[in-house]
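Colleague: Knowing the structure of chain A, use the given hints to seat chain B on it.
Top to bottom, those sequences are chains A and B. Note that the first sequence covers residues 1 to 624 in the numbering used here. Note that the second sequence covers residues 1 to 317 in the numbering used here.
Among these hints, one or two may not hold up.
To be verified - If you anchor each label on the Cβ, the simulated ranges turn out as follows: (1) B:G137 with A:V489: 50 to 56 Å; (2) B:E103 with A:V183: 50 to 56 Å; (3) B:D87 with A:P34: 52 to 58 Å; (4) A:L174 with B:V2: 39 to 45 Å.
Keep in mind that the hints were calculated from the coordinates and are not lab data. All values reported here derive from a predicted model rather than from experimental measurement. Just so it is clear, CB atoms sit at the ideal spot from N, CA and C, and this is done for glycine as well.
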Amino acid sequence: MARRAAPRAVRLLLAPGALVGLVAGVALAVPLLPLGDPIRMEVAARLAPPSGLHWLGQDEYGRDVLSRVLWGARVSLAVAFLSASIAGLAGIALGLLGGYFRGLVELVTVRAVESLLCFPPILLALLVVTLLGPGAPTLIVALAILYAPGYARVAYAETLSTRALDYVVAQQALGAPAGRILVRTVLPNIAPPLLIQFSLTVAAALVLESGLSFLGLGVVPPTPSWGLMIRGARSTMEQAPWLLLWPCLALTGTIMALNLLCDRLRDLLDPRAGVAAGGWLARGSALLLPGIAAPRAPPALLEVEALTIEIATPAGMIRPVDDVSLALTQGETLALVGESGSGKTLTGLALLGLLPAAARLVGGAVRFAARDGTVHDVTMLSEAARRRLRGDEIAMVFQDPGTSLSPVHRIGAQIAETIRAHRPISRTAAAARAVALLHEVGLPDPAQRARAFPHELSGGQRQRAMIASAVANRPRLLIADEPTTALDVTIQAQILDLLAALKRQGEGMGLIFITHNLAVVAEIADRVAVMYAGEIVEQGPVGEVFARPRHPYTAALIASMPDDDDARLTAIPGTVPRPDALPPGCRFAPRCSQAAPACDEIAPPLQPIAPGRESRCLKWREVA
Amino acid sequence: MVGYAARRLGIALALIWVVATIVFLVIHLIPGDPAELLLSQGGVAPDPAAVAELRARLGLDRPLLTQYASYLGRLAHGDLGASLLDDHAVAGEIALRLPRTIELIGAAGLIALILGLPAGTWAALRAGSAGDRALSGLAGIGLSIPVFVVGTLAILVFAQLLRWAPAGGYVAFARDPARHLIELAMPAGTIAVGLGAIIFRMTRSAVLEVFGRDHVRAARARGLTRTRIVLHHVVRGALSPVVTVLALHLGSLLGGTVLVEFLFNWPGLSGYLVRAVEARDYPEVVGIVLVISILLVILNFAVDLLYAVLDPRVRHV
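Chain A extracted, bound-state conformation (with noise of 0.2 Å):
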């Protein structure tokens, strides 16, 4: 992983690191460059401009400013980084010993020095200082004090998840002492943290050591720090205001160079990725062409024509949804079944036009059938159009319930909020509908339970309380992603009953039903089309497509499912291949018992083999 990030990581830290490491070598070289005494006065000279022979001007002792700057430098970073060090080494002595030990180790140590992050920072230097007077020594006592709460916490915390990992089980259990898994195995792993909170170390120190010296109880004159000669500048701010500019930039460059290191270090070693924001959220993007397509065949409800999706992946470009074409007739109900990452639930978003950021439609249409009987192409409204079908005419039910459901809202407000987002309706009408749907899908007491909030109820309830949401206006097409997966098996049972329920009494609502387990397709669905690798492989009545599977990924799939008086199950051999990594042929050739030489090389097209039927199979005539 090291090998391949380090592209990446030398041009995320190039620029910062250099930055530090010039600071940091000035800081180091400043005795052997040809600079003026730091802190020879020459009094005649005060606040003199720019020269020759002093670059910078002098202060208000006649000193030369250059040679206090970068003096200066080498004063406040040698407090940082030794303070920083020291509170390093304590603090990471006392987080190891707490997270390795525990118990009463863990009290006296990382408890113990947690207990002065109680203060803000400044406070306990000022105390320290206050007993022992100014000056350099005193300041970086104090700041190593202060720091080493922080280290602590970061070690523990690391140490705590680290020693239950296997190799150090391994360790224990062959009897190695513990300092040397400590230092030897536990301190390696845990470094990439401590290298992030040393490098903010440095930067917080920087802070309070220039805030300490400009109060005057930090460095003590005539030593020159930044500090100090941003308060030296102060007082004759009015005569040479110049002089401000150098101590203020010094201090605030290092400062930001070192933040900056930080975040890249951060993002380098912590390598959860940024979330981009929805790709809804880019104007400009929705194509705001009329949403009323040509008429062709007019669809019963929908139909979805060759949708083609394609991702961006550091791999390359991958098509995780392939030529997909389905159609629904009102009051029918479509099964999409395939195991996961066949692409299933990335053509249920598509069809609401809710595509996450990096996937992005390339081709296809879906034509769906509005109320008013106009026939739309999803894919070519503009997103307000998009909006106004979602929720009303097209509703979407997800497959966890306990995430789906905003956690800061009560029930009865998040279904009230759907019916006004696209009724005119008053707040109490849309509230009082609310509890009528809420009672519709079977909730018990659905006054009260309008009025809780999404982790009071339990996980078939807020299910049905999603439901609720869904169907609140009574829309066309429902699409159900994964509805049941979530839940307990007996709850699994009810949530089909009910969204039966719901189509019987609907003015023939159709409903997509998105799934892995074939028993609830048998249950629930009227066709089914089953996806393999981003492609339908088979399509069909429910029945006769459980009698006669044309596809050997049907037929598997089918000897698969437990059965009550057959107890021998069969497994697919083998994996769904990666997207990145399709076979060139048949997709599903490389794990088909029944593959000719042929099925690896000619990808099978879709054809039509019965009145209402479709398979992705060569053989699909001898598949048995």
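Modeller: This is chain B only, laid out in the frame that chain A set:
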């Protein structure tokens, strides 16, 4: 909710006790005789008679536990001791100055929120755009400039060059409200620079994070308008992490007042601390440190309560 608040209050009280104990212990943990240390100036050994007198005055000659007990006892009665310099009661001086420090913090927090929250949300909604990059860069600078540099430069620009505002000072609100607010603007604005940058950053990343959540996708699937989703679901959900981060920075915010009050001659508690440290007036310093640290504990308690209001799930933890 009441149970949660009670538990938090218990923790806050325990923390106040911890803070008081640490402040008490500091003088004893420093190596060497504290009285001698306090009186030594530039390596010159102090007069033994003066050391003995100071020891007696600070009660350092009594057994440690007796000292601790009487310290806590006096603290419970609001007695913070008397100044070494002129013998006046430390508590009285603090009571006079504390409201001014709180006012400064409140004003700074308000300015920072008013700037940081909308800017952070705006930048997140346009992540990657030129406007976002410009604001993020600006926030990076705001985070890096030490507060006393901001203050010094503000005095240079606004007081010295433009002459818009006085370089510092204080007029009581009751005497001249307009003047009072003008004097407040610069110090509060100075603190708000760094704080606003923190709030901006946190809001931006929290809004981006919330956008990726299932319930926002579900809200879009329900056909809510963009404005409603942003204001009602995204920003609402992003507030809790912003408040958490704000709480983490309360300490340095309070610390920042030390420099800013000193810089602008704001007669609050923190600036007074500088004079007390300069004079090495130990009871005075201890009193102020204690009060500001307790203020930090109380602010953290308030944040905990706010957190529960923002996120109903917390109330049951």
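Colleague: Is it true that the C-beta distance of G137 of chain B to V489 of chain A lies inside 50 to 56 Å, as the hint says?
Modeller: holds, 54 Å
Colleague: Do the beta carbons of E103 of chain B and V183 of chain A sit within 50 to 56 Å of each other?
Modeller: Between E103 of chain B and V183 of chain A, where Cβ atoms are some 51 Å apart, the hint holds.
Colleague: Range first: 39 to 45 Å. Now tell me if the beta carbons of L174 of chain A and V2 of chain B are that far apart.
Modeller: violated, 53 Å
Colleague: Using the C-beta atoms of D87 of chain B and P34 of chain A, is the stated range 52 to 58 Å upheld?
Modeller: holds, 56 Å
Hint violations for this structure: number 4 only, all remaining hints satisfied.
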